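Peer 1: Okay, here's what each chain looks like letter by letter:
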Amino acid sequence: MSPEQAPEVLLPEAQDLEVLRILVALDATEDSLASLDLATRLAAKLRADLEGLFVEDINLLRMAGLPCTRVVSVTTTSGQGLDLPSMERELRRQARVARDTLAMNAERFAVRWSFRTARGSMAGEILAAAADADIVIIGKSDRAYPQKQKLGSTARTLSAKSPSAVLIAHHRFIAAEYSPPGAILVAYDDTATSDRALRLAARIAVSERHPITVLIPESKRAAPRLQDAAEALLAAFGLQPRIRFVSRRDSVRLAKIVHAEHGELFVLGCESPLLRGKSTDSVVESLEIPVLLIRPSVPETNAYQAESSG
Amino acid sequence: MAPRPLSKNALYTRCRTALLPFRTTAQLEPHVGVLGQERAVEALHFGTRIRRDGYNLFVHGPQGTGRHTTVREYLERVAESQDVPADWCIFNNFEDAQKPQAVELPSGRGSKLREDMTNLIEELKTAIPAAFDSEDYRARRQAIDEEFKEKQEHAFEELAEHAKKKDVALVRTPVGLALAPMHEGEVIAPEDFQRMKEGDRQRFETDIETLQQELQATVRQIPEWDKERRNKVRDLNRDVSAYAVGHMIEALKERYGEFPRIVTYLEAVSADITDNVDVFLADHQAQMQSQTGQPGMPGNPLPQLQASMALRRYEINLLVDNSTNGGAPVIYEDNPTFANLIGRVEHLAEMGALVTDFGLIRAGALHRANGGYLIIDAVKLLTQPYAYEGLKRALDSRMLSIESLGQALSLVSTVSLEPEPIPLDVKVILTGEPRIYYLLSNLDPEFNDLFKVSVDYGWDMDRSEEGTLAYARLIAGLAGKEKLRPFDRRAVARLIEHSARISDDSEKLSLRMGRVTDVMREADFWATENDRAVVTTADVQQAIDTRIRRADHLRERSQEQIARGTVLIDTDGEQVGQINGLAVLSLGEFSFGRPSRITARVRMGRGQVLDIEREVELGGPLHSKGVLILSGFLSARYAQDRPLSLSSSLVFEQSYGGIDGDSASSAELYALLSALAELPLRQSLAVTGSVNQRGEVQAIGGVNEKIEGFFDICRDRGLTGNQGVLIPASNVKHLMLRQDVVSACAAGSFRIFPVNTIDDGIELLTGQRAGIRGKSGQFGANSVNRLVEDRLRHLADDLREFTRGKRENGT
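In the order they appear, the protein sequences are chains A and B. Using my numbering, the first residue of the first sequence is number 1, and each one after it goes up by one. Using my numbering, the first residue of the second sequence is number 1001, and each one after it goes up by one.
Isolated chain B, as found in the complex (with noise of 0.2 Å):
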């Protein structure tokens, strides 16, 4: 007997608004938490938790179902009540300036440092120079360099004194010291020396020679000299900056007493600082110079500029600064390249080179999460050149070691920055839909040991009264994080059908929140439209509508073309192998069905069900596999005990751009049917659901929507009464149709019948009796089997009598 149209109630489900107890949201306690996602919730809870190595998490789940949000939220609550992780210094190695030092402090204590060695330097650029500039310093340092002078001014002197009793001058030239002969004062001039006696000549020669002499091993001593004063005036210089130095860096190494490595690195500071004590003088120097408006080198701020680069390596670098947080650090990169990741060495262009130091160290996010959480986006790291690979190995060393990409790839081999590694203690959190979770365990040895829990964000949740509810209250959570006005009881009841649509099974709620709290929040622009303070269900409805409208171009155009006859589409009238079928298109979060015209033909063969579609590659592997079904299914039920001596075509009548899916797989069979016992199918339905070899209606999915557009069709050619559309009955728990549909049906003037089996359709189609096998062995007599069976026994003896012929004339 063939199936009954659907009631009105089966085609779509009511909230029913007995199960919100309130009049507004306003009313409603918010839901607090995730909703519908316990599975989800306990492995959080377990992953977070567990402080082991690899246990690292995977949040997957489809997009829109809020897991990024909700994760970040869970995270932040569940790192409030932790330590607050150490700060890190980063500060410069006196020893070996390409091998920065990394120190940790406990939280708040770093930035102090920081202050507390900017405070020191910018005393010492005034005690230093007030040191070097006091009476006492300029008095020794004087003396020395008099002792010097004077040393080698006493030499000369007696050299000259000497020369002068042999009528020589030792006179100082551009060249040298020169030796020359003199006469009473003066040098003598050529003319008159080429006058004189040649014996007087010839002694002025020797005596000059011997006198050269004496005056080489003069000036051999004074490199010596020099390096004695230079060794005295650093010794002083040393002694001065050492007094001016010694009981500020004392009161520091008190104050950090307790940290070993502070105070081995003050001391490197100290000697330091007394060893390169001009740097400090040359900055003060050049303060100067720009507070008095003296001259010095307008527009050239070199030394000002070396000055200060040179005192930028008493400076810390406060790598990572805890001082504000008021628990674990909860961190989300948002752009996850290996440096953003790894942290990174920064440059400067310095006079056309480019240079860097300990202070242009930058930390990378594992560093400011480093105790704490770290979520990344799976997709963004993973296009991320060697991003990923850059995590799994801080995660595999549990150290963090800044490099570049260049260095990390031994790219480049120029000298750079080696900075102390730093242990890292922190969980990742990666964030992407299932395909890529699965894709990575399946293909990434390492995934698995470094990301041991999975997460799994799921995409609905029952439609239970106690779901319902709670649902509503997630709704007022939303309008109140939203800031959105409150939704009155029918707009909530609304929103739950719609979410039931948008999750295509009106016994389930959508978790994916995000497409619905866009419907809530232009539901509440359209409130403020229609100058009303609550939210009301013509509103949200309105926001639905309008979000159709927005989308639905290309259905427009598809059934302009159905209309206007250009894509020709019966719904009235009876055609022999040929039916409707049903398409689904989507277009991003927009879908909507299409009626396609199937038609089949057939003629004697060998048992070949030609899928057209197949054979110019415009069907899916799953469409093929569905018209290969039939051939299963025909000869299962027709052809047992003769061969199926059919050869068959099945095509799409009109589709140009690919198809794929089985759900049409019923409709072909119907065709094919219609075609053998050349019974015509009636146009005013339309089909849809896949087939098994058992001739068993299967579920398929977009069933609302397939309803839909094959209903919009008929409606624009003026509803009949015989039109409607069969779908599997598994599929009618998934009916959530929209109202003018819903209304068709209930005015009997459009039908939705519900099928197990290809003979409940059959019948359906034909209007003839689908018939069952007899006693005999044999359909009933003018059933629909009957006749398809007697088509295929037709077929099988003609075959073998053409067969036989062609052998018989042997060709």
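Next up, chain A with everything else stripped away, as it sits in the complex (with noise of 0.2 Å):
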């Protein structure tokens, strides 16, 4: 698109748009948990189906089955072995709760819901269903310490294979609960996935009345014409988006940003500008709100397989 083109406008209900299935992978975490609160909202706003997934950790079954392993009660102190068939029983019931809370979620929202088990890597598991997913929701931590990293593995796994986009969730912090309904950022340039980006974020904010925000690359030859392109879409959907200029570098200011514009979720293209030179998953880290990943579109069969195929 030539900078002096005027962008075209499609409209809302655009094929491309359709959300029609979310996934939400769900373990016993406050991420997990914080996940599938969001997972229930998104879905009801996008009308979209969603489906839970247990992961019984091949991990957490083979330290059950280590005669040595040693666990410590977080709330009693007290130190005892662990066997097998308890940590079996403890993942069915922890497999109930998710499955209940999902349930009772799903219908306090009226979304149609699905729920399963699958045994296995949390990440390989959930790779594989997300194959047959429009957004995969997963907690941002993982069980494993040291956790310096504040993404955790799987999610580092998932933003970076995911053949659908990714929606990364944070358990918000706790003055927020007392705010009016946040912005919803995203980031718009000229590439395809910020496209997506855009109208995704739009039908998000259009559904409860969300600010939106959008944050375009600082660029004193294309950002106008970005700004332009933005609004008329936006105005699509009878929107009137605030605008942000920001630096392609720095992602500190990009995370000052989100913080200052009380922004509730980020959208945000795997190919945006903003993410060059540093990592997405550096990125991610460094926002306190969920983020929505979205990745270029995979046309053929299963990302995952052509992942491992690869």
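Worth double-checking, as some hints may not be accurate.
[Said to hold, decoys possible] The following label-pair restraints were derived from C-beta to C-beta distances:
no., chain 1, residue 1, chain 2, residue 2, range
1, A, Ser78, B, Ala1310, 14 to 22 Å
2, A, Ser78, B, Glu1254, 53 to 61 Å
3, B, Ala1242, A, Ser78, 49 to 57 Å
4, A, Ser78, B, Asp1226, 15 to 23 Å
5, B, Ala1310, A, Pro67, 52 to 60 Å
6, A, Pro67, B, Leu1348, 58 to 66 Å
7, B, Ser1134, A, Pro67, 50 to 58 Å
8, A, Ser78, B, Glu1228, 55 to 63 Å
9, B, Ser1308, A, Ala118, 39 to 47 Å
10, B, His1183, A, Ser78, 57 to 65 Å
11, B, Glu1205, A, Ala118, 31 to 39 Å
Since the hints were made in silico from the structure, they are not lab data. Predicted model only: the values in this text are computed from it and were never measured. Note that CB positions come from ideal geometry on N, CA and C, so glycine has one too.
With the hints as a guide, bring the two chains together.
Peer 2: This is how it looks when you write it as structure tokens:
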């Protein structure tokens, strides 16, 4: 698209915006529960089906099978051994809790839902399931220590390899609960994923009248055109965006902007210039709010298989 | 000499229109205040002015005298010029919620304080969330949380690093933090572990055991760190909320600086808000959800409800609001239950349980009347369980403590509110009939100490010239108050005459204004029906007649039974030992007279006068008394020197409903004398009046109804000129007879005889002289008394002979 050309405004109900299926990965972590809440709300907003996937982590089962494994309770500080039947029983219980919570949330928001359990490696099972989903939602952290890196290994794998969009959820800062609905932030540029990001952000914002802020990479030449294009596209949704211009390099500044805009969700294309020169993971790590990464479309059958075979 | 019939003028005392100097009541200055109740007004005046313990009032008088209305109007006039009492506020006791505090404020300030507190809470609902949503707070709060998290994470990270060096993984599992052997970043599979050398496995076990102890030591520190974090958060919240609340509370403290208890209360509010800031935040969050249409918890208003319930504790319960009163309050409690008088604590059903708080405390009539006057109907008070006891206790202690009946009677001991008692300064005015007053006075020792002022309402007033005009002005006042058409002079005169009839006395006017007012209202109705702008005497008469017509169904049936010969009453001819007595039947406000045949039979006996009514328990005590007096009369007059050898029986024929009163005792005596003398009595006459042992005929009640009752029978059968009624002479002043009776008497076709003694009556009834005892000690020959005395002597002789014969025969 040349800078002079006006962007082609697609109607909101364009086919490529259809989100038919959202997959939410569940375990018992705090972020996982935040994921479920976020997933249900998002499914309601996008009128999508919701599928819950509880993965019985093979690592946990392995640990339980080891005679020397010791477990320390955080509440009682008592230490004890671990056995496989107990761990399996506990995982089944957690799966039941996850299913019940999913059912309750889904019914509250009138969302069609399904639930299944898989056993294996977290990342592997989720990636496998992600092939059939439009959006995959996972928690930001995982179980393993050390946690110097705030983004867990599963989230890292998904953000890199998922064939569909990935929403990385994060339990929110408590004071934000008293705030009005936060803004939907979206990065918009010349890339194909950013166009999809903008349309998806618009649909989410429209559903609950969230304010929407469009972050456009600083550029003397392209920025005004992108602004016009974003405003025209959002006008079709009846939205009046706030426009912010962001340095292409400074991910720290990006985090500050997100915070200052009272963002509730950041929608970001994986090809965004804001990610250039640094890893997606570092950007996601720096943000305190859920991030929806729009992956490039994979025309082939299954991205995970493609990655695996490659 | 037998009495002469009464003249027309004695039968009905007309109201002379000359006494009424106006054409209609519209020209008449209405009477203001109470008429004819000077004693009561004096007592009211005294009772309302004296400010001493126990000087409460009991206003008693007959129903319909307007005692309630006049007392209320009087009190309202008095109260207007008196000080408006204080407002009373109930508010939460933050130290002990079970004991809400009561504080008085000058009139009008209570509602202002309530408004101020409501505004304060509304402002804080916005100000506190705003303060907590500020960038500053968020940053400080985040810093605290991060510090805690970092401290915790740091400890675990350190441990994890330490473990990693020993190839041990630290992993969060659903059951806690696990330590497991690992190889190249992955937990070793159990089968691989089994394949390891014994020494390696032993090393792992030793290391893990050591690491477990380190981990336990770290975990033990978490609660302490968390406590530290909570303290920091609490201090931060306090700082932020104190800043948000402080200046608003300070402004209120300045406004209410002259009331130390309010200032103390506001300080307590400030401290409590600071400690419970979450309530405001939760309320704000719930509101935001409903405003922004966030799904939240659809159909579940509980969080918002709980938040708003929690905020209720900062509200003011304005128990008594005197801001709209122009003077001291005058309260009439129509339903004086215990709770309505003393106040009550209401409850709300919440999640299946009953809950309450200071905001659900409700004032009773005593609270509202505090500083003024409370009017209560005594009968209503006494018929409500424990209401009288509650009232007395409050008056006695001069304090108002709100408690449930269950608490007052120690029937329930569940935890409930105990509001601070309120000092009581009220004049209670009980109203009721005199019998209630005298019953309470006699039976309740506390009553006389608490209700020392008796306000006695009379039921009639003198029908003097001044009184008549004043009464006309009262009628004018009532017509104005009831928004009736004006009454013309003759209509007023007729009302006054009717008033005299209601009072059963031609020289009195009834003060039972209820009945007079009813006639006025109905006369106004008939004037409307008759298309008249002014109510005339015809309308008043129509009102009186139609009132009687509506009520006299039983009278008609009674007369019909006599007319058809079912009930035997003779109105002509003569009979021995038989006479027409007269009785009155009362049906509410309507009374009518009915003749009854009384018969007497005599025979030899031992001085007994048998009252058949009493024998079968159809006669009341007064009737029995009257009959026993007859024995006294007979003995004293005829049998002083010999035994009264008589056995007689008296009966009210065809009377099945019981009888009481002694007004037929003269008729019974006439029948007895007739039977003894064997002289027939004229059946064209009917008799009423009681008699004493000296043979004097005494006044009775209902004389007008009795005369009219007999007149109606005679009129139906045809007036002969011989018919009439013997009444006690002392009842002549009570005569206010119907116009048809008066007209018949004027025409000589009916007669009313005033009788002073039995001798007067017996002469009229027998046509023979009664006879007086001559110098010989004997009554005149052929006189009634002589015949009676002779008969009694014969009976005595016969008895003596009979007794002697029996003795000789040995039987």
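Peer 1: Next, verify each hint and record whether it holds.
Peer 2: Checked hints:
Between A:Ser78 and B:Ala1310 the CB atoms are about 38 Å apart, so this pair departs from the stated range of 14 to 22 Å. For A:Ser78 and B:Glu1254, the hinted distance range of 53 to 61 Å is satisfied, since their beta carbons lie about 58 Å from each other. For the pair B:Ala1242 and A:Ser78, the beta carbons lie near 42 Å from each other, so the given range of 49 to 57 Å is not met. Between A:Ser78 and B:Asp1226 the CB atoms are about 18 Å apart, so this pair conforms to the stated range of 15 to 23 Å.
One distance hint, 52 to 60 Å for the beta-carbon pair B:Ala1310 and A:Pro67, holds here, with the actual separation near 53 Å. Checked against the hint of 58 to 66 Å, the pair A:Pro67 and B:Leu1348 passes, with Cβ atoms roughly 60 Å apart. B:Ser1134 and A:Pro67 have their C-beta atoms about 55 Å apart, which keeps the hinted 50 to 58 Å range intact. Take A:Ser78 and B:Glu1228: their Cβ atoms lie about 23 Å apart, and the range 55 to 63 Å is violated.
Hint check: B:Ser1308 to A:Ala118, Cβ distance near 46 Å, so the stated range 39 to 47 Å holds. Range check, B:His1183 to A:Ser78: about 28 Å between beta-carbon atoms, so the 57 to 65 Å window is missed. In this structure the hint that B:Glu1205 and A:Ala118 lie 31 to 39 Å apart at CB holds, the actual value being about 32 Å.
When each numbered hint is compared with the structure, violations occur for hints 1, 3, 8, 10.
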